[in-house]
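Student: Residues per chain are reported as follows:
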Amino acid sequence: MSKKTNAAGYISAKESRRISKQNRKITGELEKRRERKNVPLADYTTQMRNPDNIVEFDDLHTYFFTDIGTVKAVDGVSFDIPRGKTVGVVGESGCGKSVTSLSLMQLVQRPQGQIISGSIRFSGDGGVLDIAQTPTEVMRKIRGREISMIFQEPMTSLNPVFRVGMQVDEVIALHNRAMSKDQVKQRTIEMLETVGIANSNGVYRMYPHELSGGMRQRVMIAMALALSPKLIIADEPTTALDVTIQAQILELLYSLKEKINSSIMLITHDLGVIAEMADFVVVMYSGRVVEKGTVREVFKNPSHPYTIGLLNSRPVVNQQVERLYSIPGKVPNPINMPNYCYFRDRCELSLPACAGLYPPEYRLSDTHVVNCYRCAHAVKEETPHD
Amino acid sequence: MTDRGKGVDTLVEVRNLKKYYPIKGGFLQHSVNAVKAVDDVSFCIERGTTMGLVGESGCGKSTIGRTLLRLTEKTAGTVLFNGQDLHALGREELRQLRPKMQIIFQDPYSSLSPRLPVGEIIGEAVREHHIVPEKEYEAHLDQTMSICGLMPYHKDRYPHEFSGGQRQRIGIARALALNPEFIVCDEPVSALDVSIQAQIINLLKDLQKEFRLTYLFISHDLSVVEHISDTIGVMYLGKLVEFGSKALVFNRPLHPYTVALFSAIPVPDPDVKMNRIILEGSIPSPANPPNGCKFHTRCNRCMERCKIEEPSQREIEPGHFVACHLYDGEGLP
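So the protein sequences, as listed, match chains A and B.
First residue of the first sequence? That's 102 in the working numbering, and the numbers climb one at a time after it.
First residue of the second sequence? That's 3 in the working numbering, and the numbers climb one at a time after it.
Treat the hints as calculated values from the structure; they're not laboratory data.
Please note that a few of the clues may not be correct.
[Unchecked claim] For lysine-lysine, the following DSSO-like pairs were computed, each having C-alpha atoms within a straight-line distance of at most 27 Å:
1) A:138 to A:186
2) B:211 to B:102
3) B:157 to A:431
4) A:431 to B:207
5) A:431 to A:173
6) A:431 to B:38
7) B:157 to B:76
8) A:115 to A:173
9) B:76 to B:38
Because the structure is a prediction, the values reported are computed rather than measured.
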């Protein structure tokens, strides 16, 4: 797609109109495909590559068609979430970590946001589904019951005009039509107690503004765990909270996860939280996975320059450094991505080879995978597209 | 450096500062109660050093910052800036002093006017206060901007064209353009990404070295505060519970709240298993604080005495102040 831009990066109205028209054509087709009736089961059932995984992202592409160009928010992301484990996803804002999780929930802003290609395999009660192809009707039964989400801002994700108890009730009642009102209430109060709210009967009748940030996040967790989901997506669950409350919430999340034996996809930019909570780490940069592995591998032997930079730029208590390391430059514009390694322009360790194609995956161990030419001495495993 | 003796160059001294916000209620809206946002706080900051102020949200950190600059009026106590009582100054005297004390705000998205070009945001106060002669105005602006990592051509752009980190640089340039001595940094990096945080913290440190600035660095991120500060104050519910040099407070935290706070910091190392003290419950409402020691409801070393009597600030070792009954009498345990 050729694009005429002037020096300042603005585009003309004519150009913008042309892009909008093109976008409508693309998204229209995708929407039509999504909205067709009576999708045969075979279209969206599939097989897991490894039955021990609960979710497998396989070369996922989620694009946003905006009036100034296509934003490749998620551009070829592959990683697995093993059953009963916690996978931490780290990266700066705008790197696509939230869009990855929204794609899994099918909550990407439509029609401009679309899953273009790739698959998300989810092993649920009704067999293995490819979320990228699953119709909305089926998805509705999965959301909340099998996959649920905890959002960053507990204040904005609770409805201010309904009582807290009612909002938790709704989730339970919606997925369990047979339950009577009293049973639902019973279950809600039970859940509120499980998440450590002492005055659960009182809180049941309160409005969100009457609760503190930590309490609201507990209510959110109660809501998310009410149906014992197989997978919990926690999108920056403690960013808005204080350190002491953060410790409480993380502890709670961990113990509840163990209790109902589910997996957690933990999205955060706090490396400390990841080190403590996660079993596996996925580092994302500009819509791509740059490094993934177990927590030990990534923290003890960070191999991608971005991961190294990220680990060094954070001050650590009881480790005095005169100056913090800071990664030079800034995140590239998501509309015109280069065809070489996205990190090359900021990388202090770049090699001549980096000017070539986007680096393929290099496997340092069974679990540790890095997309960087500096690791080329390791066995070359597979080459992604482009 | 932190000795409170004579001959030390103290820039800011706060004595028994109190700031209450009245709660209006009842018939005729008279005040029925007060939120004790800052309650009897004393500390001092030496010239050229950074004091870090930590605590949970709602504990009064920001109120201290604002009262220190007289952006809000105090209820009681004194604030000495360069030996002058700030809250006793008249309108014009205060105006003269304003360029010397500046503030950098937390949210770079809401603290810059969206209708003014960046040059105007940074330069408005420079012109207003006649910091430099008219002829040197442009050069001064360019110089300030380049120190803060901005380009001269950014002057004609508007804040929405910048990223979060660059906006924070604009906020810093705005404060720096007035040649201040003292800057209150009110959570300047909490809204930024990790790699951008490092850039801004390095910039603040460089500026301090170059211009001998004095900072009050307010943050709830303890690892950032530890990195940048020389002295540290820990606040809980309007009270300064512990105050001292960084080495003393971090190596030997004395107040149970400080101990718990430090133990809750997540460490980016999977091998470090934390001996974490998890505090029960959450911070009580400042409108209705508990009697006695304000922390006793969550304290794991609470004694009978703590519920009745409020501890006063005591100097446990030179330059290390704690307000806790555990250290009454015998000094260090």
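Student: If a hint holds in the structure, say so; if it doesn't, say that too.
Tutor: The hints, checked one at a time:
no. : hint           : in the structure
1   : A:138 to A:186 : 36 Å, violated
2   : B:211 to B:102 : 17 Å, holds
3   : B:157 to A:431 : 20 Å, holds
4   : A:431 to B:207 : 20 Å, holds
5   : A:431 to A:173 : 17 Å, holds
6   : A:431 to B:38  : 43 Å, violated
7   : B:157 to B:76  : 37 Å, violated
8   : A:115 to A:173 : 23 Å, holds
9   : B:76 to B:38   : 11 Å, holds
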